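**Q** One letter stands for each residue in the lines below.
2 protein chains.
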Amino acid sequence: MGTVTTPWKQLLLNSLNSNSHLRHSTYFQLATISPSGMPANRTVVFRGFQETTNKILINTDCRSHKIEDLNHWPFAEICWYFTDTWEQFRINGNVDVIDGSNADPVKLQQREKAWFASSPKSRLQYLGPNPGLPSLLDQPTQDSSSLDPSAGPVAAFCLLVLDPNQVDYLNLKSNERITFSRKIANEEISWNSEKVNP
Amino acid sequence: MGTVTTPWKQLLLNSLNSNSHLRHSTYFQLATISPSGMPANRTVVFRGFQETTNKILINTDCRSHKIEDLNHWPFAEICWYFTDTWEQFRINGNVDVIDGSNADPVKLQQREKAWFASSPKSRLQYLGPNPGLPSLLDQPTQDSSSLDPSAGPVAAFCLLVLDPNQVDYLNLKSNERITFSRKIANEEISWNSEKVNP
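Keeping their order, the protein sequence lines are chains A and B. Every number in this note's numbering is 20 more than the matching position in the first sequence, counting from 1. Every number in this note's numbering is 20 more than the matching position in the second sequence, counting from 1.
Warning: the hint list may mix true and false statements.
Any copy will do: because identical chains look the same in the list, a pair fits if it lies in one copy or spans two.
To be verified - The list that follows gives simulated cross-link-like pairs (lysine-lysine, DSSO-like), each with its CA atoms no further than 27 Å apart:
| hint | residue 1 | residue 2 |
| --- | --- | --- |
| 1 | K215 | K141 |
| 2 | K29 | K193 |
| 3 | K193 | K141 |
No lab work stands behind these hints: they were computed from the structure. Please read these numbers as outputs of a predicted model, since none were measured by experiment.
All chains, full assembly: derive it from the sequences and hints.
**A** The following block contains the structure:
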């Protein structure tokens, strides 16, 4: 039996392909809720899907506020706008936070895989000072020589895995909008899609 | 006494200017929280500042979910990424929702001003069917002839006014990050700024 790609995932792969000449096509905005109940929103980088699933991978720093947010309330909504094709994907779901203290060896392996899949330059930022804290004038800057390329993930490295629950697709060129909702029946996941007004 | 522009506002005006050749430079992502406590995130269009203030204007449809969200919990965070200059502004604050039933005549005037400042084409979308509801096949499409250009705002037209409370500026080219926080002392508003680690 062949694998059928979920309709929204196919649309998203098409958009990634059509916008791949733009560096920022893999950037999207991730909204979370802070422990004090305030909305938070920041740009993050799409690191691909987890193997053949619909789950979206994001690398982040354990010391960033979003980790606090997600440990407190593990739900997020992605807003991903493709500037060349005028398409928007809003993807909400729950997020699994995988840091080095995770008890599941399979998840630790996924984190390690994500670490080695990222460039030496992006690995380097996890060795830098605590993000968001006051910047000290005489902070030593890290250079790539301080990082052994074969060394595994550093403590600050965290993998986020967003498992989509609903996807809202909007095409501003054709003025079409489709809502995709996950349905679970008899332990089988399927997706309903519905054309809605833009 | 001359008016001094708030430092973060000047940075934002500079970014808007440097990225003005890109249609999407006035688009940003607005995160809110739904009445059921879930994060929501969507792209909206920057409609300028309210007169000489720091308040950010957004036009929207009264029938969209964000109105429900904001009526329930009037806080939002903007994430605005400028794709050419690699700058990000995260702007949080509380949001005033101004629809046609507002009791304040000054606010109604602001709503009217926003209506007439928007193009006939964008006014037309407020005459369309309820956004997000199932799309009917034989829906009549609105054409510009159905709208009198001198007529005031239709019922579905809503003005959002976001009053910034904190601004986080990140420059990915220079790797600099600055946090701006509003301070109120003796009924005077001032802004603190601090360099923080990216």
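**Q** Just pull the numbers of the violated hints for me, sorted ascending.
**A** Structure breaks no hint.
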